[in-house]
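Trainee: Could you build the full structure based on these sequences and the hints that come with them?
In case you want the letters, here they are:
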Amino acid sequence: MVRYIGQRISIAVVTVFLILLLLFLMLELMPGTPFNDERLTDQQRDVIMEKYGLDRPILERFFKYMQLMLKGDFGISYTLNKNMPVSFMLGQRVGVTMSLGLQAVLLGLAIGMVLGIISALKHGTWLDSAMSMIAVAGVSVPSYVFALFSLYVFAFLLRWFPIRYNPSAPGLSGVLPVISLSMFTIATVARFLRSEMLEVLGSEYILLSRAKGLRESAVISRHGIRNSLIPVVTVVGPLVVNLMTGSLVVEKIFAIPGLGGLFVQAITVNDYNVVIAISFIYSVMFVLVMLAVDILYSVIDPRIRLSKGGPA
Amino acid sequence: MESKRVLSIRDLEISFKTTDALVRAIRGVRLDLFQGETLAIVGESGSGKSVSVKAIMGILSSNGSIDAGKILYTDPETGEEFSIVDMSQREIRSKISGQRIAMIFQDPMTSLDPTMTIGKQIMEGMRYHYQVPVQEARRKAQELLELVGIDNSAKRMKQYPNQLSGGMRQRVVIAIALACDPQILICDEPTTALDVTVQSKILELIQSIQKEKNLSVIYITHDLGVVAKVADYVAVMYAGRIIEKGSVEEVFYDPRHPYTWGLLSSIPDLNLEEEELYSIPGNPINLALPFQGDPFAPRNRYALNIDFEQEPPLFSAGGKHRVASWLMDPRSPKVERPASLERRLKEMREEIGRNE
Chain Y
1 MVRYIGQRIS IAVVTVFLIL LLLFLMLELM PGTPFNDERL TDQQRDVIME
51 KYGLDRPILE RFFKYMQLML KGDFGISYTL NKNMPVSFML GQRVGVTMSL
101 GLQAVLLGLA IGMVLGIISA LKHGTWLDSA MSMIAVAGVS VPSYVFALFS
151 LYVFAFLLRW FPIRYNPSAP GLSGVLPVIS LSMFTIATVA RFLRSEMLEV
201 LGSEYILLSR AKGLRESAVI SRHGIRNSLI PVVTVVGPLV VNLMTGSLVV
251 EKIFAIPGLG GLFVQAITVN DYNVVIAISF IYSVMFVLVM LAVDILYSVI
301 DPRIRLSKGG PA
Chain U
1 MESKRVLSIR DLEISFKTTD ALVRAIRGVR LDLFQGETLA IVGESGSGKS
51 VSVKAIMGIL SSNGSIDAGK ILYTDPETGE EFSIVDMSQR EIRSKISGQR
101 IAMIFQDPMT SLDPTMTIGK QIMEGMRYHY QVPVQEARRK AQELLELVGI
151 DNSAKRMKQY PNQLSGGMRQ RVVIAIALAC DPQILICDEP TTALDVTVQS
201 KILELIQSIQ KEKNLSVIYI THDLGVVAKV ADYVAVMYAG RIIEKGSVEE
251 VFYDPRHPYT WGLLSSIPDL NLEEEELYSI PGNPINLALP FQGDPFAPRN
301 RYALNIDFEQ EPPLFSAGGK HRVASWLMDP RSPKVERPAS LERRLKEMRE
351 EIGRNE
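Respectively, the protein sequence lines represent chains Y and U.
Per this note's numbering, the very first residue in the first sequence carries number 1; after that it's consecutive.
Per this note's numbering, the very first residue in the second sequence carries number 1; after that it's consecutive.
Since the hints were made in silico from the structure, they are not lab data.
Computed from a predicted structure; not experimentally measured.
Hints are not guaranteed to be accurate.
Pairwise CB distance ranges (calculated) [claimed, not checked]:
no. : chain 1 : residue 1 : chain 2 : residue 2 : range
1   : Y       : 99        : U       : 21        : 54 to 62 Å
2   : U       : 305       : Y       : 195       : 50 to 58 Å
3   : Y       : 91        : U       : 133       : 50 to 58 Å
4   : U       : 149       : Y       : 221       : 44 to 52 Å
5   : U       : 276       : Y       : 202       : 33 to 41 Å
6   : Y       : 106       : U       : 290       : 36 to 44 Å
7   : U       : 207       : Y       : 136       : 49 to 57 Å
8   : Y       : 202       : U       : 305       : 39 to 47 Å
9   : Y       : 99        : U       : 149       : 55 to 63 Å
10  : U       : 136       : Y       : 99        : 42 to 50 Å
11  : U       : 152       : Y       : 142       : 40 to 48 Å
Quick reminder that beta carbons are idealized off the backbone N, C-alpha and C, glycines included.
Mentor: Put into C-alpha cells, the structure is as follows:
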C-alpha cells in the first residue's frame, strides 16, 4: 500500500512538472506580450522585457521559474497588479474559492447520496420520480441559470440572503453560491448512486444478508452503500476538482473574489506569472484529487487492493 | 420413531403484482417437513419452487404477497409455534430467518459481499441477533469454517470472497447459514453453479452436517440426480402446484405423473446409448395469463379431454404418495410408462439402494 502511494505520488509530481512545461510553451506561442501598450516603442518594450528577464531563452526561464517556485516565489504580476507578488495576489482568493468549493463538495455529496439512496429504496414510487426530476434538472440546468434564479428569488424578492458575497461574513452570503455550485454534484451523485444501488439491491449477497435476518436498514448500511459507492467515487473525482477550482460564472454572479475570475482576466492580458500560478494550483489539485480517488477506491474495494498490479 | 414436525405449509397461495397482470405463482401448496429429514422440491424454472421458500424466509420481493394458506413453524426444542403468514416481514427476519431457518443460495460467486471479509460475514448473524462478544463469535466462526472443511481458518477469516474458489465460497455460505444454529436449512440449487467434481463434495458436506446437527433440510433443485442421492421426500412442482409428492422410494420406484416421467427421462445418462437426450416438449405456461384445466395438459402427450377442462385434484397413490393427474382416476384409460423410462428407473433404484 505504502509503495503504491509512493509510486502514485512520484507520477503525480512528474505530471505537474509536464503540465507546467507545456503551459510555459503555450504562453510563449500566444500572440503578444504582457506589455501590449500601444504607446510603448519597440525599444522601450525590449527594455522592459529585459528587466523582467523575458528576453532569455524559454527553457532557461522555465528552469529559473521552477527554482524560485520551489522556494514559494511565484514571481510578480506584470499587468493586473503591477509588481505585486503573485503569491500575495492569490493568497486570499485561493482561500475564498477553496472554502466555498469544499462546502459545495460536502453539501453535494451529502445531499446527492441521501437523494440517491432514498430514490433507490423507494424505487418506482412518486418519491423516486420526484427525485429523478430533481436530478435531471440538476444535470441539465446550467449553474448560472440556477444561480441567477436563486439570487432573484431568495436574495432580491425574499431578501433572505445578501445579494453579494461578503468575504468577511461568508456564512450567510455564502449559502446561495454554495448551493448553486453544488447542484450539479448533487444531481450527478444522486443519479449514479441510485442506479448503482438498484443493481446492488438486486444482487444475491443482499438476498443472503436479508436471509441472515438482518433488518432492511442494516442490510442497506452494511452491505448496500459500500458496494454502491465504488463506481460513484470515479465520477465524483473530477466533480470535486471543478468545485474546488471555482466557477467563473458563479463567481461573477455573486461577486465572489475567487480564482476563476482572476484566471480569465490574467489570460486576456498575458499576465504570465498569474496564469501559470493558477494553472499550477489547478493541476496540483486535480492530481491530488485523482490520487485520493485511487486510494479511496482501494480502501472501499478489497478486489482492487488485492489484485495484481494494484496497490499491494 | 415418529419425528417432530418442524414446518407445515397448508394451501399456500402467493401472487405477484406485475405492471399488467397478477401472477399466481403458488397455487395451493401443501407440504410437511420433519426434524432430521430432507425434502426436495423439484421443478423447472418458474414452477414456484424458490418462491415458496422465500415466503418462509420473509424475503419475498416487494410485489409478492401471500394471499391465503398457512405456514407453521414449530421449534423442535422449545415447541414454540410461529405462524409465519401472520408475521410481518420484519418480524420474520428478527425471529425466524437466519436463526431458526437458514438458507444457502445458488451462486456462491455472487452470494457473498465482495467488500467484507469472510470472517465478518460469518460473524454478522451471531453478532446481530444474539450480540455474541467478538472473541466468542470469532472462535465460533473459525470452528464453523473448519466444520465446512476449510483449513487455515484463522487466515481465511481475514480474506475476501474473491480470494476463494467457487467451492470454497459455497462452503463459506454454508458456514454463514449455520452461524446461528438453525433447525432448518434451505438449499436453493446449492450445487448448480459449481463444478461437477465439487458438487458431490458439497452435497456430502451438507448431508454430514445435517446428520451431526439433526437438521431438517429443504433442497430446491431441478436435478433429480441430486434428489435421488439426498432426499427422503420429494415434491414435484409445476406451474405453482405440487403435482406429485411422496417419499423418494415412492416417486422413484413408481412415478405416476407424466410430468415426472418427463423429468426423469430428461436426466442425462452416460450408461444409456440413446442418441438424443429427451426433453419435455413445449414451455411452461405463463401464469399471468388465464388458463383452463391442467396447465401441463398442452405439453402432455397423455393428456385426456378432461385435462383441458378441469385441473386434476391430488389423488392418493398409497402411502404418502400423492399425484395430481386425471390418469389416477379409476375411470381413465390405463397408460403404461415408456420402456426407456422403465430402464432408467431401474438404474435409479439401484442408485438409491447403494446409498442406503
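Trainee: The hint says 44 to 52 Å between residue 149 of chain U and residue 221 of chain Y; measuring C-beta to C-beta, is that right?
Mentor: 32 Å, violated
Trainee: Holds or violated: the 42 to 50 Å window for the beta-carbon distance between residue 136 of chain U and residue 99 of chain Y?
Mentor: 48 Å, holds
Trainee: Confirm or reject the claim that residue 305 of chain U and residue 195 of chain Y have a C-beta distance inside 50 to 58 Å.
Mentor: About 52 Å separates the Cβ atoms of residue 305 of chain U and residue 195 of chain Y, which means 50 to 58 Å holds.
Trainee: Range first: 39 to 47 Å. Now tell me if the beta carbons of residue 202 of chain Y and residue 305 of chain U are that far apart.
Mentor: Holds - the Cβ-Cβ distance for residue 202 of chain Y and residue 305 of chain U, about 44 Å, lies within 39 to 47 Å.
Trainee: Is it true that residue 276 of chain U and residue 202 of chain Y lie within 33 to 41 Å of each other by Cβ?
Mentor: 37 Å, holds
Trainee: Is the distance from the Cβ of residue 99 of chain Y to the Cβ of residue 149 of chain U consistent with 55 to 63 Å?
Mentor: 57 Å, holds
Trainee: Is 36 to 44 Å a correct range for the gap between the Cβ atoms of residue 106 of chain Y and residue 290 of chain U?
Mentor: 56 Å, violated
Trainee: Honestly, do residue 99 of chain Y and residue 21 of chain U meet the 54 to 62 Å range at C-beta?
Mentor: 56 Å, holds
Trainee: Between residue 152 of chain U and residue 142 of chain Y, does the beta-carbon spacing fit 40 to 48 Å?
Mentor: 58 Å, violated
Trainee: Starting from the hint 50 to 58 Å, judge whether the C-beta atoms of residue 91 of chain Y and residue 133 of chain U obey it.
Mentor: Since the Cβ atoms of residue 91 of chain Y and residue 133 of chain U sit about 54 Å apart, the hinted range of 50 to 58 Å holds.
Trainee: How does the Cβ-Cβ distance of residue 207 of chain U and residue 136 of chain Y compare with 49 to 57 Å: does it lie in that range?
Mentor: Given a distance of about 55 Å, which is inside 49 to 57 Å, the answer is holds.
Consistency note: the structure conflicts with the earlier hints numbered 4, 6, 11.
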